[in-house]
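*Asks:* As they're listed, the protein sequences go chains A and B. Taking this note's numbering, the leading residue of the first sequence gets 1218, the next gets one more, and so forth. Taking this note's numbering, the leading residue of the second sequence gets 4, the next gets one more, and so forth.
In short, the hints are calculated from the structure, not lab data. Some hints could be false.
Straight line, CA to CA, 25 Å or less: simulated SDA-like cross-link-like pairs of lysine to any residue [said to hold, decoys possible]:
{"#": "1", "chain 1": "B", "residue 1": "Lys-5", "chain 2": "A", "residue 2": "Val-1270"}
{"#": "2", "chain 1": "B", "residue 1": "Lys-5", "chain 2": "A", "residue 2": "Asn-1268"}
{"#": "3", "chain 1": "B", "residue 1": "Lys-73", "chain 2": "A", "residue 2": "Thr-1321"}
{"#": "4", "chain 1": "B", "residue 1": "Lys-45", "chain 2": "A", "residue 2": "Gly-1245"}
{"#": "5", "chain 1": "B", "residue 1": "Lys-104", "chain 2": "A", "residue 2": "Asn-1268"}
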Amino acid sequence: DAGVIQSPRHEVTEMGQEVTLRCKPISGHNSLFWYRQTMMRGLELLIYFNNNVPIDDSGMPEDRFSAKMPNASFSTLKIQPSEPRDSAVYFCASSLSNSGGTDTQYFGPGTRLTVL
Amino acid sequence: QKEVEQDPGPLSVPEGAIVSLNCTYSNSAFQYFMWYRQYSRKGPELLMYTYSSGNKEDGRFTAQVDKSSKYISLFIRDSQPSDSATYLCAMTLGSNFGNEKLTFGTGTRLTIIP
Chain A
1218 DAGVIQSPRH EVTEMGQEVT LRCKPISGHN SLFWYRQTMM RGLELLIYFN
1268 NNVPIDDSGM PEDRFSAKMP NASFSTLKIQ PSEPRDSAVY FCASSLSNSG
1318 GTDTQYFGPG TRLTVL
Chain B
4 QKEVEQDPGP LSVPEGAIVS LNCTYSNSAF QYFMWYRQYS RKGPELLMYT
54 YSSGNKEDGR FTAQVDKSSK YISLFIRDSQ PSDSATYLCA MTLGSNFGNE
104 KLTFGTGTRL TIIP
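Kindly generate the complete structure, drawing on both the sequences and the hints.
*Replies:* This is the structure in structure tokens:
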């Protein structure tokens, strides 16, 4: 299995530009998570989907951030307009969730975003 | 105050030493406690998890949970250079942590010196 695939691996952009991060979960997984990791705040959950439906977006910092999951094999996280404080590593994770299960979340390699 | 506190380190120890990594938390409702290992430029991977209070051992790794003190630990015996990584603690309110929010500590960067 290829694992969770994220693209791009690195993104450098200028303040005000739109940024789109992409994620392909592990085939057959039905939950998908977007996290952001910074030195100061650590790893924080932004939003997660179950069966393509957003379940909890309380971690999305503000309206500049949006996430979609149009089908079971693809998700995007968009930042518009981007700001320097958005610079971080963004991780996507997926899992196979079932009632009473304890399956783990499998993380992708991350996208390192730098906003100048 | 963050819900989960973890000393960021860095922590450097000689090969073969016993390593102790710790987290404290404030939410007494947390039920499952996990340790993730993250190598440089990689995503976190689950090392082990523990339910409620007690110990769990997996090879050279032992996880301890003390719910009365809201304190969890990870011990690494006979540490190896390949153990050099950032270790993150994480917690959940329920058991279905494939489908619920993980609350992470900030991570402790560990280096094992050959």
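*Asks:* Confirm or reject each hint.
*Replies:* Against the structure, the hints come out as follows:
1. For a cut-off of 25 Å, the pair hint linking Lys-5(B) to Val-1270(A) is broken: about 28 Å separates their Cα positions.
2. Restraint check: the Cα-Cα separation between Lys-5(B) and Asn-1268(A) comes to about 30 Å, which exceeds 25 Å; the hinted pair is violated.
3. This hinted pair checks out: Lys-73(B) and Thr-1321(A) have alpha carbons roughly 23 Å apart, not beyond 25 Å.
4. Annotation: proposed proximity of Lys-45(B) to Gly-1245(A) holds, straight-line Cα distance about 22 Å (limit 25 Å).
5. In summary, the hint linking Lys-104(B) to Asn-1268(A) is supported, as the alpha carbons are separated by about 16 Å, within the 25 Å threshold.
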